[in-house]
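Trainee: One line per chain: the protein sequences are A and B, in this order.
For the first sequence, counting from 1, position 54 maps to 65 in this note's numbering; every step adds exactly one.
For the second sequence, counting from 1, position 100 maps to 191 in this note's numbering; every step adds exactly one.
Keep in mind the hints are simulated off the structure, nothing from the lab.
Incorrect hints may appear among the rest.
In silico lysine to any residue, SDA-like type, Cα no more than 25 Å apart, as pairs [to be verified]:
| id | chain 1 | residue 1 | chain 2 | residue 2 |
| --- | --- | --- | --- | --- |
| 1 | A | Lys214 | B | Ser385 |
| 2 | A | Lys324 | B | Asp367 |
| 3 | A | Lys54 | A | Gly80 |
| 4 | A | Lys241 | B | Pro119 |
| 5 | A | Lys324 | B | Asn255 |
| 6 | A | Lys214 | B | Ser361 |
| 7 | A | Lys154 | B | Thr388 |
| 8 | A | Lys257 | A | Val226 |
| 9 | A | Lys250 | A | Asp50 |
| 10 | A | Lys154 | B | Leu115 |
| 11 | A | Lys154 | B | Gly121 |
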Amino acid sequence: MRTMQRWFHGSACALLLLAITSVAFAAADIPQGPLVSTDWLAKNLDHPNIRIIEVSVNPGLYERGHIPGAVNFSWHRDLNDLVRRDIVSQENFEALLSQAGVGPDTTVILYGDTNNWFAAWGAWVFDIYGVDDVKLLDGGRAKWEAENLTLSTRAPEYAPTDFKVAEVNSALRARLPDVLAVVEGQSEAKLIDIRSADEFQGKIFAPPGVIELAVRAGHIPGAVNVPWVKAVNEDGTFKSPEELKKIYAEAGVDGGTPIITYCRIGERSSHTWFALTQLLGYEVRNYDGSWTEYGNTVGLPIENPAGTVWAAK
Amino acid sequence: MQTLKNFWIPLALILSVLGTAQILSDRPGGRALAFALLAGAVLGFVLQRSRFCFFCHARDFFERGDPRGLLAIALAIAVGTVGYHLILGSWLPVPMPGRLPPDAHIGPVSWALALAGAAFGLGMVISGSCISAHWYRLGEGSPVAPFALLGTMGGFVLGFITWNPLYTATIATAPVWWLPHGLGYGGSLLAQLGMLGLLAAGLWRTWPRAEPTPPPARFSEALRGLFVGRWPYWIGGLAVGLIGAFIILRLQPLGVTAALGGAARALAASQGWIPDRLEGLDGFGGCATAPAASWLTPNVLLIGGLVVGSLSAALASRQFEPRWPTGWDAGRGLLGGLLLGWGAMTGLGCTIGTLLSGTMAGAVSGWVFGAAMFFTLWLGLKIQALLFPAAPG
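Build the full structure now, drawing on both the sequences and the hints.
Mentor: Encoded structure:
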């Protein structure tokens with residue numbers, strides 16, 4: 012009987028120890044760096060210090076199955092201002108993160124559809140509003156689904172926090188005058204146009220299937236063209252920093268001078284912004300006005316190698 | 092020979108649906124397609140076996156006073172309402188003004204919507220069915236259904252042509268009323284079930300007197316009974332309500348016109364028959380006709396599954412009766428189809444998309460479309476009885 016009791020005692024202690032160490036271990040286990048793998052996330056869904064947030068652009072995706080525990084942020088309604096063309100206001104951003112239960116110790120993990128474009132856009136907005144610890148799920152929603160990992164339809168509810176933005180980092184955002192300064196030779200920044208070669212050359216005004224929102228085709232003078240897709244592997248994960256360095260160096264971008272990324276509306280370019288800032292440590296601003304602002308502005312110089320004339324019969 | 096037609100062919104059809112679903116689900120992004128095909132096949136089987144047809148159900152009541160079909164429709168909406176409210180309540184926990192659950196069929200309420208419902212009701216009288224029933228009748232070998240569906244495509248093209256003026260005249264500024272915005276989910280559920288209960292109470296008064304049939308004594312008898320005559324009306328209603336709720340959870344709100352409308356739009360756009368830009372159309376919830384990246388969409392597979400499911404049910408029940416169409420079949424199919432198509436395009440869906448999926452979600456647009464449709468259905472049947480006293484069904 013005594014032996015039995017001692018055995019129980021011993022096992023209970025061992026279990027308790029195991030539980031304590033595993034909790035302590037798990038809490039310290041969040042990988043360093045700007046990316047988390049699907050493999051790590053699948054094993055750490057109930058990690059107490061993470062908040063998974065889906066930013067997808069297609070309606071109904073999150074609702075019909077998301078990574079268990081993930082919160083839904085709408086790119087159109089939550090991360091953009093609903094009236095003027097701008098990112099979400101500081102006040103609304105604070106309310107959004109408070110409602111999602113993001114606190115000072117929370118590591119935010121973003122993921123989404125369409126190659127993480129909108130999730131990367133989210134990461135850029137989070138960075139502007141000074142959220143320290145933001146990571147992307149490498150490969151995004153597509154990789155999670157391709158690996159047949161668990162999905163849930165239940166919307167979680169977290170205890171709200173009182174999230175406050177400490178400092179707004181406007182240096183991550185390029186505005187029209189910043190871009191114009193490069194064009195006029197008053198700034199040494201490098202412009203990277205991450206759209207497709209056909210858009211860059213001015214053969215088309217918008218990607219196939221997308222409404223034409225600019226009345227001129229082409230690109231900003233002096234910009235180099237490195238389509239966003241060059242930064243990823245076939246499964247949607249980012250290429251290694253060494254490979255990335257080589258790809259951008261071939262286009263003359265080595266991080267020696269500041270960089271400005273742009274695309275059509277600024278969401279695909281945040282994907283490249285993420286690769287260059289977070290993976291390579293370069294100094295990069297994302298120009299969210301992008302071609303739909305620059306290409307539509309009256310009187311600015313543009314380059315249009317294809318020579319297309321808008322709406323001309 | 093009979094065994095081949097009534098057993099082996101339907102079995103082969105069902106196995107081929109299962110096989111195709113398996114192949115689809117192994118392709119990247121193919122799970123939704125496989126689910127759509129299977130759900131469509133089950134829906135087609137159920138629609139055929141229970142003869143769930145809005146037109147026939149309404150005619151049974153208006154002409155013979157038999158309310159069982161309309162009660163089955165009310166039951167479908169009631170069951171679907173509970174399912175939809177459960178699901179939408181989880182998707183959008185707080186129904187805040189300005190926000191709608193993703194892709195639900197909640198549309199603008201305007202006189203254009205009422206006109207759409209009215210045209211749709213007339214189209215049902217002339218062609219003898221609504222769009223969903225024409226799909227399942229295709230599986231029964233109906234000589235009218237192919238013409239009606241062709242006419243529907245033409246009606247969609249007419250709808251695209253009249254869309255822009257209607258949009259600027261009324262649709263653009265029309266309110267998009269969703270009951271949970273004003274009443275909350277609980278209030279919306281109560282209001283809808285209360286309304287359906289009142290309708291049912293009114294309909295029930297003319298329940299036909301019938302001798303009760305004894306239940307089957309043996310399982311084999313019960314099994315055979317599945318393929319004799321038709322299933323009781325209420326089983327069709329219950330099944331359609333449940334399938335509607337399952338499909339919105341896994342796929343998209345149930346609708347049977349998106350693929351047809353999308354094909355009509357692509358064809359008409361390539362011929363330059365319709366405006367390049369259809370104002371605001373693709374921003375509305377409803378049976379979307381926006382061009383898809385691939386022709387292999389969930390809605391195409393849902394419809395394909397529906398026709399094959401109905402065909403196998405019809406064969407197994409000896410109700411597959413194809414015959415050569417007459418000029419009368421073709422004429423009424425095409426003309427009725429034109430009205431069905433115009434109504435479904437302008438109303439952003441048909442009896443399934445706007446009426447069922449819309450009302451189940453708590454959309455006022457579903458009720459308005461339904462009311463207008465049943466009114467002209469009643470009127471059309473009256474006129475038909477005057478013009479053709481012995482009109483065939």
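Trainee: Does each hint fit the structure? Answer for all of them.
Mentor: These are the hints, each one checked on the structure:
{"no.": "1", "hint": "A/Lys214 / B/Ser385", "verdict": "24 Å, holds"}
{"no.": "2", "hint": "A/Lys324 / B/Asp367", "verdict": "15 Å, holds"}
{"no.": "3", "hint": "A/Lys54 / A/Gly80", "verdict": "13 Å, holds"}
{"no.": "4", "hint": "A/Lys241 / B/Pro119", "verdict": "22 Å, holds"}
{"no.": "5", "hint": "A/Lys324 / B/Asn255", "verdict": "24 Å, holds"}
{"no.": "6", "hint": "A/Lys214 / B/Ser361", "verdict": "21 Å, holds"}
{"no.": "7", "hint": "A/Lys154 / B/Thr388", "verdict": "21 Å, holds"}
{"no.": "8", "hint": "A/Lys257 / A/Val226", "verdict": "35 Å, violated"}
{"no.": "9", "hint": "A/Lys250 / A/Asp50", "verdict": "17 Å, holds"}
{"no.": "10", "hint": "A/Lys154 / B/Leu115", "verdict": "19 Å, holds"}
{"no.": "11", "hint": "A/Lys154 / B/Gly121", "verdict": "14 Å, holds"}
Checked against the numbered hints given earlier, this structure breaks only hint 8.
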